[in-house]
Amino acid sequence: MDINDLKNTSDAQFKKDISFNAEMPDGTETELVLTIKSARNPEVKGKLGKLISQTKREWDKLDRPNVSEEVHTQVAEKVSVIDKQIARLMLVKFEGLTDGDKPYPCNKTTMEGLIDDHVWVRENIVSKAMDQTAFYNV
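Residues 65 to 202, numbered by the numbering used here, are exactly what the sequence shown covers, in order.
Simulated from the structure, these hints should not be mistaken for lab results.
All C-beta atoms, glycine included, are put in the ideal place defined by N, C-alpha and C.
Please note that a few of the clues may not be correct.
[What the hints assert, rightly or not] Taking CB as the label site, the calculated pair distances span:
#  : residue 1 : residue 2 : range
1  : Lys166    : Leu126    : 41 to 47 Å
2  : Glu95     : Ala198    : 17 to 23 Å
3  : Gly91     : Asp127    : 31 to 37 Å
4  : Trp184    : Gly164    : 18 to 24 Å
5  : Asn68     : Asn130    : 53 to 59 Å
6  : Leu126    : Val183    : 16 to 22 Å
7  : Lys125    : Asp66     : 26 to 32 Å
8  : Met194    : Leu126    : 22 to 28 Å
9  : Leu126    : Asn68     : 45 to 51 Å
10 : Met194    : Val145    : 32 to 38 Å
11 : Met88     : Gln118    : 26 to 32 Å
12 : Pro129    : Gly160    : 17 to 23 Å
13 : Pro169    : Ser132    : 30 to 36 Å
14 : Val183    : Gly160    : 17 to 23 Å
Whenever a hint applies, use it, and build me the whole structure from the sequences.
Right under this line is the structure:
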């Protein structure tokens with residue numbers, strides 16, 4: 065392989081947002097279009113690193129003998145809050161939702177509700193944001 069054929073993987077490549085149709089947990093593609101930032105976007109990278117470090121610190125609390133069920137519950141709750149923060153960091157906007165026959169508005173409150181209430185939406189956001197290949201064809 066010629067060195068000149070290698071793809072550029074600098075962070076500059078990941079400054080553009082991408083949009084994609086979210087998939088339901090069973091793999092069915094939806095009409096919900098999510099626009100996200102890459103995990104390698106320079107605006108996101110530092111904040112994301114801090115949130116990932118917080119998650120690791122929480123999980124490390126379980127790596128001890130005789131951890132109580134209460135500690136397990138507390139860690140799970142804190143990690144869930146961090147997971148939501150990570151998804152919020154990545155989500156730029158959404159489209160394609162309705163409330164009955166009216167378009168469902170996209171604003172900060174509705175984006176937070178979408179992330180808070182639907183784990184599968186969070187998973188779509190974070191999975192795609194971490195997938196570098198999704199940002200090469202932008």
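Now the hints, each set against the structure:
1. Lys166 with Leu126: 41 to 47 Å: Check passed, 45 Å falls within 41 to 47 Å.
2. Glu95 with Ala198: 17 to 23 Å: Check passed, 19 Å falls within 17 to 23 Å.
3. Gly91 with Asp127: 31 to 37 Å: Since the Cβ atoms of Gly91 and Asp127 sit about 33 Å apart, the hinted range of 31 to 37 Å holds.
4. Trp184 with Gly164: 18 to 24 Å: Since the Cβ atoms of Trp184 and Gly164 sit about 22 Å apart, the hinted range of 18 to 24 Å holds.
5. Asn68 with Asn130: 53 to 59 Å: holds, 58 Å
6. Leu126 with Val183: 16 to 22 Å: holds, 20 Å
7. Lys125 with Asp66: 26 to 32 Å: violated, 49 Å
8. Met194 with Leu126: 22 to 28 Å: holds, 23 Å
9. Leu126 with Asn68: 45 to 51 Å: holds, 48 Å
10. Met194 with Val145: 32 to 38 Å: Since Met194 and Val145 have Cβ atoms about 19 Å apart, the given range 32 to 38 Å is violated.
11. Met88 with Gln118: 26 to 32 Å: Between Met88 and Gln118, where Cβ atoms are some 29 Å apart, the hint holds.
12. Pro129 with Gly160: 17 to 23 Å: Between Pro129 and Gly160, where Cβ atoms are some 49 Å apart, the hint is violated.
13. Pro169 with Ser132: 30 to 36 Å: violated, 43 Å
14. Val183 with Gly160: 17 to 23 Å: holds, 19 Å
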